[in-house]
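Visitor: Since chain A is already given, all that's left is putting chain B on it; use the hints.
Number of protein chains: 2
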Amino acid sequence: MESLFNHIERFVKLDGKIKTQIRSISKVKILEKGTVLIKQNQANVKSTYFVVDGCIRSYYTDDNAKEHTVQFSVKDNWISDYMSLYTDERASLTIECISDVTLIEASIFDIEEIFKKFPLLETYHRSNLQMNLVKLNRRILNLLHLSANERYKLFLEYYKGLDQFALNLHIASYLGITQQSLSRIRASKV
Amino acid sequence: MESLFNHIERFVKLDGKIKTQIRSISKVKILEKGTVLIKQNQANVKSTYFVVDGCIRSYYTDDNAKEHTVQFSVKDNWISDYMSLYTDERASLTIECISDVTLIEASIFDIEEIFKKFPLLETYHRSNLQMNLVKLNRRILNLLHLSANERYKLFLEYYKGLDQFALNLHIASYLGITQQSLSRIRASKV
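Chains as they are written, first to last, in this note's numbering: chain A, 35 to 224; chain B, 35 to 224.
Okay, chain A solo, but in the shape it has when bound (with noise of 0.2 Å):
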């Protein structure tokens, strides 16, 4: 729980009393490499994960069978299919631990409680929400304005140490582009 406490406290200061609230609701759980969290079209999506250690990814798969990348999950950061976790809709995404993982799991229903008894969490969640937000346009940003060549740049200065557990496959789909252009432009830079 260490981690997650020291995720929290970069933006609100805990006490022993908050952090015992915090443990009632967290699931920690050691997970191995190929468990899928969420699967594209279940319903009830209630839960977000915190990676404590490992790496998760979330994709969509289209008709054709074709699997497109949306997030990655290192250490320290939390996943869930946010499209339908918010909205109640069927899951859009499957979430996936692409090695093996150390998590926690809460309820989306048990951090809405928590958030009544303690606001400075709410006031946690929020700047989360608010550096998600920052991710999420730079993300757009890349997509529309930089070429294949420079996304992958940004994106292994971005994830680093992030090789070691995804494929060829999943970085490719998380860039927009064929494996094919991957390996190109990993053979350019040799």
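Hints are computed from structural coordinates only; laboratory data are not their basis.
Heads up, some of the hints might be wrong.
Identical copies carry no separate label here, and so any pair may be met within one copy or between two of them.
Straight-line C-alpha distance at most 30 Å; calculated DSS-like pairs for lysine-lysine [stated by the list, open to error]:
(1) Lys-47 / Lys-109
(2) Lys-169 / Lys-100
(3) Lys-47 / Lys-100
(4) Lys-47 / Lys-80
(5) Lys-187 / Lys-150
(6) Lys-51 / Lys-150
(7) Lys-61 / Lys-169
(8) Lys-187 / Lys-169
(9) Lys-151 / Lys-47
(10) Lys-109 / Lys-194
(11) Lys-169 / Lys-73
(12) Lys-150 / Lys-80
(13) Lys-151 / Lys-109
(14) Lys-169 / Lys-150
(15) Lys-47 / Lys-61
(16) Lys-51 / Lys-100
(17) Lys-100 / Lys-61
(18) Lys-151 / Lys-53
(19) Lys-151 / Lys-100
(20) Lys-51 / Lys-151
(21) Lys-51 / Lys-194
(22) Lys-80 / Lys-169
Guide: For chain B alone, coordinates are given in the frame of chain A:
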């Protein structure tokens, strides 16, 4: 101010005292088409804007003077350069009125202060951020997996009536396609 109060009341209940406080940090402005609210590369982005009437566009201009539209904001939506507002970096985007616009401007400092007095408003802001996260995730997913034609169809559904404000250039650069491609897509619909 009524449209902002109504928007907030979709999420939380307001009383007279809170409304007075919101009024005290809100500047209502009536602006002409072409007014620039934030200029790419400027320092000190501190304001966010709620559109009461009209349409505002945010865009990035690249080194070749090509514009890339990140967001359109119509009635009852907030807009700013969040990449700058929440990080203190220089503006990445230009925010411009593409019609005559009535808006409410608020400073991020005043907003942070009002959250301390009225945590209810932080709940509104948090809920609004969550909905934004949903929209941005959908946009990324659409950019990754939909054809230009499909993106244009979704755009028309989502931004009903935007045609009256937005130029071909704006829409094409939002969809990440050339104006020629947009014209072809439009012609094929006739």
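Visitor: Let me make sure I understand: some of the numbered hints might not hold for this structure. Which ones are they, in numerical order?
Guide: 3, 5, 16, 17, 19, 21
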